[in-house]
Structure formats: C-alpha cells, structure tokens
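Undergrad: Full structure from sequences and hints, please.
Number of protein chains: 2
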Amino acid sequence: MSIVRYGIIGVGNMGSGHAKILTDGSIKGAVLTAVCDGFEKQREWAKANFKDVAVFETSAAMIDSGLVDAVVVATPHYDHPKEAIQGFAKGVHVLIEKPAGVYAKQVREMNEAAAASDKKFGIVYNQRMNPLYQKLRELIASGELGEIRRTNWIITNWYRSQAYYDSGTWRATWGGEGGGVLINQCPHQLDLWQWTIGMMPTRMRAFCQFGKHRSIEVENDVTAYAEYENGATGVFITATSEAPGTNRLEVSGDRGKIVIEDGRMTFWRLRESETAFNARNKEAFASPEVWKIDIPSHGRSPEHAGILQNFTDAILKGTPLVAPGEEGINGLTISNAMHLSTWLDGWVDLPLDEDLHEAELNKRIAESTFQKPAVAENAKPADLTGTF
Amino acid sequence: MSIVRYGIIGVGNMGSGHAKILTDGSIKGAVLTAVCDGFEKQREWAKANFKDVAVFETSAAMIDSGLVDAVVVATPHYDHPKEAIQGFAKGVHVLIEKPAGVYAKQVREMNEAAAASDKKFGIVYNQRMNPLYQKLRELIASGELGEIRRTNWIITNWYRSQAYYDSGTWRATWGGEGGGVLINQCPHQLDLWQWTIGMMPTRMRAFCQFGKHRSIEVENDVTAYAEYENGATGVFITATSEAPGTNRLEVSGDRGKIVIEDGRMTFWRLRESETAFNARNKEAFASPEVWKIDIPSHGRSPEHAGILQNFTDAILKGTPLVAPGEEGINGLTISNAMHLSTWLDGWVDLPLDEDLHEAELNKRIAESTFQKPAVAENAKPADLTGTF
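Order-wise, the sequence lines are chains A and B. For the first sequence, the numbering used here begins at 4 and goes up steadily by one. For the second sequence, the numbering used here begins at 4 and goes up steadily by one.
With a Cα cut of at most 25 Å, we get these calculated DMTMM-like pairs of lysine to aspartate or glutamate:
{"no.": "1", "chain 1": "B", "residue 1": "K295", "chain 2": "B", "residue 2": "E150"}
{"no.": "2", "chain 1": "A", "residue 1": "K295", "chain 2": "B", "residue 2": "D297"}
{"no.": "3", "chain 1": "B", "residue 1": "K295", "chain 2": "A", "residue 2": "D265"}
{"no.": "4", "chain 1": "B", "residue 1": "K23", "chain 2": "B", "residue 2": "E43"}
{"no.": "5", "chain 1": "B", "residue 1": "K23", "chain 2": "A", "residue 2": "E286"}
{"no.": "6", "chain 1": "B", "residue 1": "K50", "chain 2": "B", "residue 2": "D82"}
{"no.": "7", "chain 1": "A", "residue 1": "K285", "chain 2": "B", "residue 2": "D169"}
{"no.": "8", "chain 1": "A", "residue 1": "K138", "chain 2": "A", "residue 2": "E264"}
{"no.": "9", "chain 1": "A", "residue 1": "K295", "chain 2": "B", "residue 2": "E264"}
{"no.": "10", "chain 1": "A", "residue 1": "K285", "chain 2": "B", "residue 2": "E220"}
{"no.": "11", "chain 1": "B", "residue 1": "K285", "chain 2": "A", "residue 2": "E220"}
{"no.": "12", "chain 1": "A", "residue 1": "K44", "chain 2": "B", "residue 2": "E286"}
{"no.": "13", "chain 1": "A", "residue 1": "K295", "chain 2": "B", "residue 2": "D265"}
{"no.": "14", "chain 1": "B", "residue 1": "K44", "chain 2": "A", "residue 2": "E286"}
{"no.": "15", "chain 1": "B", "residue 1": "K295", "chain 2": "A", "residue 2": "E264"}
{"no.": "16", "chain 1": "B", "residue 1": "K295", "chain 2": "A", "residue 2": "D297"}
{"no.": "17", "chain 1": "B", "residue 1": "K285", "chain 2": "A", "residue 2": "D169"}
In case anyone wonders, no lab produced these hints; they're calculated from the structure. Keep in mind it's a predicted model, so treat the numbers as computed, not measured.
TA: The structure is reproduced here in structure tokens:
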C-alpha cells in the first residue's frame, strides 16, 4: 500500500474538521475517499464541499463499498466503540475521536476487538502532539524530574455559556453525552495527566457538581483527588462556568518542579535530589539549591494533522503510534472514577469496578432529559476552531 | 496611659523576635519591661541581651509584679489559651502568637475569657499586614471580584528537612505541637484563606499524609477540599518535603479571577459579570471580555512590627485591631477539620464538633512519641528570619 484511503464516520463538528485536513493535501500518503453520516443535511454538506468523495448513509455501507482502508470515527461519544468494533470486523484500520467511549466497560470490549485484529487502532489525542506535553513526558521518563510526588492540574478555562449548552439537545445530558466537562472537554487533559507522568491513580475521591451556574444535568465543575502507588498525590480541577479560567499543570518530583502555564514550561531543578539533600543535611532551615530553567519551546503542535500523519505512517511504514487506541481507556477510567466517587460519595479504587460504574451511569441515563431525536438537528457544523 | 509596658511570656524562637522589635524603638508607645521563661538558659539569654528588662521564671510572677500592662504569649502552642486566660484574669491586655491553640475547644474557652474581660485581645497574624492580602480582601469585600466561586491555594514552599524536625523533641509530635504543617507552618494561610474571602467552609474533606518522606508522626502533606454556603468550592494544598514548592493563591469570582504569586497580584477582570454575560449571550462559543490588570503593589509588609504597633495603638487610642484574637479560632477550626476529616475518613461539617475533634486528638497524643522534657533543650533561639 502506498496511500491510505480514508473514510470518515460522521461529518459533524469533529468529522468535518478531519475531512478538511484530509482534503487539503497536508497529510502525506493519505486521501479522503468517502464519508458517511446518518443525517441528510450532513451528507448534503459533504457533497457540496468535497469532490471525488463518496457519500454514504451508514458506516457499514461505506466500508463494504471497498473504497476505504481506514475509518475515522467521529460520531457521538457513545457510538465510538460500536463503530470501531464494526471496523475491525470488516477489516479496516480504525482511528477514533476522543473520548474512547463513555464508560470503561464498552471501551474494554473495543480494545479486545482491536487486539484480535491485525489492523491499526488509534485515538485522536491530538494534545499528545503538543511539544510541551511531549517534553514533560520525556523529562519524567528520563528521570530528570525524579520520582513523582505531586501533580496539580487546574484546567478551568473551558468557558461554556448556557447558549452553548442550548445549542444541541444532546449536549450535557446523561443520555446524549454520558457526562459533562469530563467527557466532552477534558478527555485530552485526563489522558495527558496519566500519560505524561506514566502512572495511573490507585484510588480517587472526587467532587463533581452538576449544573453549576448552568441549566444542565451533568457535571460542569469538578475537584478530584488522586493517590498513586508510590505515595504521590494529585489534584485535578476543572469547570466550564468560570471566566477567564486557568490552565496550569504543576508536577513535583524528587528533583524539583515543572510548571506548564501560558504555553511555557518552567523547570525548577534541584542540583541534587531532595532525598539526597535531606539525607546529608544537618542545618534546621537549609534547603536544596534550585535552578530556575526556562525549557525551550519546540514549536507549535501539529494537533489533528499530526495525529492523522502519524496514523497514516503507522499503516504505511509501521511507525509507532503516538496515541494507540487501547490507551483511550486510561483517561476514560479516571473520568469514570470521578463520576463514581461523587455518586457513591466515597473512595473509588482503581482498577475500576466497571460493572458498578455502568450500573450507576445507567441510573442517570434512565432519568436523563435527553430523548434520541428522530431527525437531524442542524445541518451546518458549528465552527469549533480552537475549541478542541 | 501614654505608653504600653509589655511583658513577653516565653523568649524562645518567636518571643525573642518580639523582644528585639520592642527594644529597638520601632514601636511607638511601647516598651519592653519584662520577660519570663521556664528555661534557665532562656532567662540567661534575656539578661545578657536586654537592659532594664525584668526577668521572671513564671508568667504569673511577671504579671503580679505590676511591671506590665500587656503580655505577648509566645509559649508552645498548647499553652496559648492557658496563658491568655490567666492574663485576662489578672487584668492585662493579651497578644497571642499563632496558632490560637491546638484544638478549637480550648480556644473557645480563651475567647470566652476575652469576652468577659475589658482588655484588648490580639493574635500575631502578621500576614494580615501584607498589602497583597489586604488588597485581596478589599477587592472582594468591595464587590470588585463579584461573588466568590472558587479558591485554590497551593502553599507547598515550607521546605523542612529531617534536620529541622530533629532540632527539637517536641517538633512535629502530637504531644508537643498537636500537629504538623497545619499547626506550625500554615496558620497564617489558613487564616488568610477565610479572612480574605470573608467566608468559612460549611463542610470539608481532607487528605492528610503523616510523616511523608520524613520520620515524624504528624501530617506534613495535605490536600483539602472545602465547600461554602454559596456553592463555592476551595482547595488547600500544603507540604513540607517539596523543593522548591509553590505559593500560589487563586480566587475566582463572578467578575473574574485574582492570582497572587511571586509577590504579585494579577486581576483578570470581566467587563461585565459572568452571570450577566451568560444571561444575555446567544453565541455558543462566546465568552466575556477580560482585562488583565496588574494590581499595583503597596510596599512591603510591616509584619510583626505592624501587628505590635496596631495592638499598641488599639490599647492607647482604640484603633481597631487588624487581627482580633477571637478570630484565631477560624483558621484553627479549618485546621482541626482537616485533621478530623482524615482521621474519620469522611466529610466534616462546620461548625466543627469540637468535642469529637478533641477526643480524636487525645487518642493521638496518648500514642505520641513526645515526652515532656524535664530540662531545657537548647539555650540560644534558632534564627527564624524569614520563616514566619
């Protein structure tokens, strides 16, 4: 194979963005050959905007046409696993949008289908292409920061007005999205939180607030506390009703502290590890020598185009995936644990009790205000530039 | 009265600092006339360093001498309430060091004694003299920031090595100090956390870790979550084993966000309140207009000298106290709630169940490694410059 023929499942908000990237020639070795969408207006939009791209109503018909080698799944969250499982069954490579799904149990089934397949499986964790987070991961993996002691991520700059929530009946409902800020806005950060430090929590205690300053049924304000096997702790704070909000990630280790804020990384590096200093120090008020270092920037993140190029290269050349699809379950598990801890008002141990989480989620879905619509809601995808 | 004659109870670490300020002529209307200390070496140190200052072994003898109008209580934490109650009983003004005491119940008894007295009662919350926190309090009280929605205080720059903890057998023990970083290092921040925003939490969930990276029995690593009556939330994070640590206070309100870090205050101010914007906005991805404002600095904090001058002026001229002693119970209650939440592994409602807290604390004291020493530990006060 010298070129990967892509088909996109769902050309709404995110899928239309992928379609534009795949048709503007920026991805080497890739071509968009087909799209599918259950909504007539989306299909009309695709026909009007792309030439030499076949348009289907269903993903099954699109894959069965033989026109595609790989699919990009950009449906509503709940359907990601179902579409991926079908893709593997029909023998195509699968790249799914985030989140991997809505509850870990369904995502585990998707991962099992991927493992049984010989096709590539990726997830659009485009923030993993950001040089800042790649550098953080490298500094931790290489031991520069020493053993991790604490993480603090304040990611409250997801301002969403009531008008946003009112822009789709499925938005911010248990039935339509399966959650709020954790499922829709934060999947990247929840992934990066564990990917950069290379550790999953062992237990969590979270405090979700539902419909905070907004008329919605899901969480839009969360404070979560995590503990790790090595004794480290972490805090993750997010909200959609604050302006201007903050995006500040702080990671402390035995060799100092790294802060990413305002697109910059600062490393306060200890000349010797805190453990070594503490072991030899005899003065009551002494502290380790610290060097404040501005870690150089390595350019802009290629974002979605970077993920599409990497996935294409993986298919054509065997290049390792930056975001293997199987890893989508990690961030989702953290998100599920935050919900479950709030619902049960107590600790949640990880690995997660996925059946219990699913059962508790289903209670909320049963009471959800969302009703699956019989017809399309709106034709033109909203402009999401800069929001994902 | 034209001059206040001060006597200091305990001339160890903190008391010796007050003695120096009172004898260097920087406090108008104040003079140091006496000190007392149970340790012979401290008394010898006082005699060698101050002239025209009477030296006593007990506070009762010092007050009964008639040489003092006001006492500064700088004993170990547990004794603050006992000494204050004696002072009021003997008719002198009382200025206590922080913390007000170790458990809220004993502090409540002290406050009752103060209320029954006609003498002034102050607490050395010298950080209330810091123009940054005074400005924050003013911006909130005046409505500039709008209704408070969230607070985040990361105050992890209390680096304390094992050598520090080993410098006194009483240090970091339940029997000697009654706690760790919450009782010894954080009283100022715990006070400012509620003083600046003008709200106490209604319930708390805290996660204290005991002897984290240090051989001590008390907490030196804390993550605490707070909820307030108006729906706001807060997080307070502190530790003593991280280097270089962070001191960053963020407060979000309906009119924007204020951050105090590195001795600077930045105010991201919304042109209209978030509530008003949200009510009128019709665009899905719009957000309120924000102005980033560098709030001007108002000089250095007068710290302890400022508190001593204010207390002196209160006695001589009726000047309002910046830090009334009765308010010491607020920060201590928050600290007690953090301990209790950890011990019970659950929510703690405020107002605090002070009897329950005392009972739980007494369990730890009964098992404490600390034994009251028969003799003095060390003669020369450690140099605490910049540490309080």
